[in-house]
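Could you build all of it, start to finish, from the sequences and the hints given here?
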Amino acid sequence: MGRQQDAAPVAPGNGAAGTTAMSACGLRKSFDGHAVLQDLDWVVPEGRVVGLLGRNGAGKTTLLRCVLGLSPLDAGRIEVLGEPMDEPRGQRLHRIGYVPQSFDLFPWMRIDAFLEFTAAFYRRWDAALVERLLGTWQLDRGKKIAALSQGQRQMLAIVRALAPDPDLLVLDEPVASLDPIARRDFLATLLPLMRRPGKTVIFSTHITTDLERVDADIALLRGGRIVLTRALAEINARFRRAVLIRAQGFALVPPLAGAWAARIHESKAIYVIDEGDAALRSALDQLAAREQATVMLAPLDLEDLFVELA
Amino acid sequence: MRAALKLALLPLRIAPWAAVAIALLIGLGGVLSTIGDHPAPWIALLFAAVGLWFLWLLAGVGLKGIARKETLLLPDFTRALALAGAAWGLLFWLAPCLIVAALYGLRPAWTALGGGAAGAAWAILSSSGSRSSLWIWVLIIGARFVPPMLWTALEPALTGAGLPLAGLLLAALLLRLTWQRLFPAGDPPLPESPLAAPDPMRRGVGNDTPSVAHSRLVRRLHDWSGEGAGTRLRRRASRYHAAPSPARERSLLRALLLPHEQPRGWLVRWLLFGIFVAVYALALGHGAQLGMVAGYATFFAMTGLNTIGAGMPRLQPSLVELYFTLAPPTRADFKTALVDSFLGVLPGAILGAFVYTLLAALLIDPTQWLRVLTTTAILAPPLALGTLALYLNLPGNVILRTVVTIITVFGQMGAYWTGYVLLARLGPLWGGVPTLVLTWGFAIGAWTTARRLWIGNPLSFDPPRAKAGG
Chain Z
1 MGRQQDAAPV APGNGAAGTT AMSACGLRKS FDGHAVLQDL DWVVPEGRVV GLLGRNGAGK
61 TTLLRCVLGL SPLDAGRIEV LGEPMDEPRG QRLHRIGYVP QSFDLFPWMR IDAFLEFTAA
121 FYRRWDAALV ERLLGTWQLD RGKKIAALSQ GQRQMLAIVR ALAPDPDLLV LDEPVASLDP
181 IARRDFLATL LPLMRRPGKT VIFSTHITTD LERVDADIAL LRGGRIVLTR ALAEINARFR
241 RAVLIRAQGF ALVPPLAGAW AARIHESKAI YVIDEGDAAL RSALDQLAAR EQATVMLAPL
301 DLEDLFVELA
Chain P
311 MRAALKLALL PLRIAPWAAV AIALLIGLGG VLSTIGDHPA PWIALLFAAV GLWFLWLLAG
371 VGLKGIARKE TLLLPDFTRA LALAGAAWGL LFWLAPCLIV AALYGLRPAW TALGGGAAGA
431 AWAILSSSGS RSSLWIWVLI IGARFVPPML WTALEPALTG AGLPLAGLLL AALLLRLTWQ
491 RLFPAGDPPL PESPLAAPDP MRRGVGNDTP SVAHSRLVRR LHDWSGEGAG TRLRRRASRY
551 HAAPSPARER SLLRALLLPH EQPRGWLVRW LLFGIFVAVY ALALGHGAQL GMVAGYATFF
611 AMTGLNTIGA GMPRLQPSLV ELYFTLAPPT RADFKTALVD SFLGVLPGAI LGAFVYTLLA
671 ALLIDPTQWL RVLTTTAILA PPLALGTLAL YLNLPGNVIL RTVVTIITVF GQMGAYWTGY
731 VLLARLGPLW GGVPTLVLTW GFAIGAWTTA RRLWIGNPLS FDPPRAKAGG
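Sequence order for the protein chains is Z and P.
Going by the numbering used here, the first residue of the first sequence is number 1, and it counts up by one from there.
Going by the numbering used here, the first residue of the second sequence is number 311, and it counts up by one from there.
All the pointers check out, no bait thrown in.
To list a few chain Z residues with every Cβ distance to chain P over 10 Å, as calculated: (1) G26; (2) D74; (3) V130; (4) P180; (5) I181; (6) D185; (7) A188; (8) P192; (9) T208; (10) D210; (11) V214; (12) R222; (13) R246; (14) A262; (15) L280; (16) V295.
Below 27 Å or equal to it, Euclidean Cα-Cα: the simulated BS3-like pairs (lysine-lysine) are: (17) Z:K144 to P:K374; (18) P:K374 to P:K316; (19) Z:K143 to P:K379; (20) P:K379 to Z:K144; (21) P:K379 to P:K316.
FYI, nobody ran anything at the bench for these hints, they're computed from the structure.
Glycine is no exception: its CB is placed at the ideal position from the N, C-alpha and C atoms.
Quick look at the structure:
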């Protein structure tokens, strides 16, 4: 049981009011008959850092690749930076930075040759930032990309994605292979850059503490749909774990309309609720009275919420 | 035991069609040997020997497929491999030798034991991707230059009962070499561009395996070529950045995708390939048909072109980055830029044809060098373009790909040989001009069609066989 979808949009941040960096409508995508995205709708307002959460295999990478036009859609419509994400693309691609999940590019090249090649195509290229990050992350310019560790490759991908000062930065699990120091460093670098007006970040990750650190908005992908889009502060303020307890315990979880998740744990009925939803709160109280149970509310951090909902 | 069985069946499972063809070959030998009034058992033996040799080649291919250091971590892997090897040895080495013993006596069986062991080990070494297996050709060619007096001195040893023992020792040595090659002690070599084919052993039908270990000299040569490639890339990047233009973009793209298509890369390739061409020409000697040898040399110059078709799937993951970097207006523009950059392989292939055919001419019949170069000048450019066109859309199916490759290879050699003969018989005007018109007509037609087909095919950014993402 639980809700299927929450369409509540996130309030626009630094961008112009109502401007969207990316919008997806009715996306469908299947692989070998297995539906990965099912009528997915998603709006990312300009000027926000959005964390895309979902379990392994939920389709996060597929969704991001579809958004960027790298994987053909079965159905649906995508707009990126104000234009449909179909041809012609041209220079708009230069306003997008992308860090893929696995960085396989040009393994035969050396770092300096790769960066010089890439820089040649961009009008905006922050060479000072490149120098700083290469130095901070101790990336040897003369090394071949194939000789880098997975973490170092990810660092290089991040350097390359940040250097052109993109308006939309799409990061597919960018810090999965980074050590904690490099991860914090990356976030500390990313934030000032992307908090400027008009900059948007879509950030797929499993590390919920990183999303808390950057105060990201959250989008949860489950069952091929975005089922939750909220600002982190709102999640912290409103989402609660409600535990129904009674002497004889619960064998089955009593239904609660509007609950985000429900399960039995040690004979207790446990729900995830949006405390700001007055109707849901009232339904919970009525259920407790009917079942002669007491209600205990506990705060949920993002990881708890992810475990409950994903 | 189950693991050993799996390993023993692995070579047959990875190429069942080859196993069937080998079985047919052996069976055909049996049938042929019974035809006529005087059955000829040696025909069956010959076919059986060739069939068995192919089987051991398959065993090498199977071994190469599982040759990862991580494989050695599997519990009891070496024991299972030894058991599988023993089963293969029993079935495809000892059993045939026993049959020989039953039919012809112990002495021939002893010879078959030594010769079979060396042959099987050589086959495994050859198909495991080692260049060392090519030394046998040096031995065969070298045998031509051994003075008769030395042959006389060696005769007792060569005809004595001890020679098969030498075969057995050689087999042990070759198997040890194979093991070292498959599971090298050091780190694996870093990958090259999927579109680069810098050395002879990496070229061939469907060769999409990772790099094999190089000798120190070859590594140094590649490093030297790599430095040249890096310099060229930086120079072209700064030129493009200073004043972008479509021509400069194509030139920069070529420097990225085809790093070895520059003078240093050519020199390294000519050196490595030149050895093969020289060995081949020397093996045939002065009596050889120069047109055919030069045709073969041209084939060597063109073999690298198939890496464009075969390497593209492995380049696909890198295309994402390239796509964002080039920011093409349409996907078709992106594909057009890529396909036009592939033309960058042509100068190296054409110049290579000049080098190899000249080398062949100088080694076989130096008086004909001018005719050979004229033939090359007429034929190499259209042949290179036509070959690139045929390889551009190589089918995914390995059998179809092999068929296309064989047709292309024989087409190249046949066209060169025909052109050479026409030039020799009819002269440059009546022989050369029609050849020029015909080959260019074919090449331009094939390239235009192949290019259009390639651009029209859907663009994939996924690695080969990759499906859904997480």
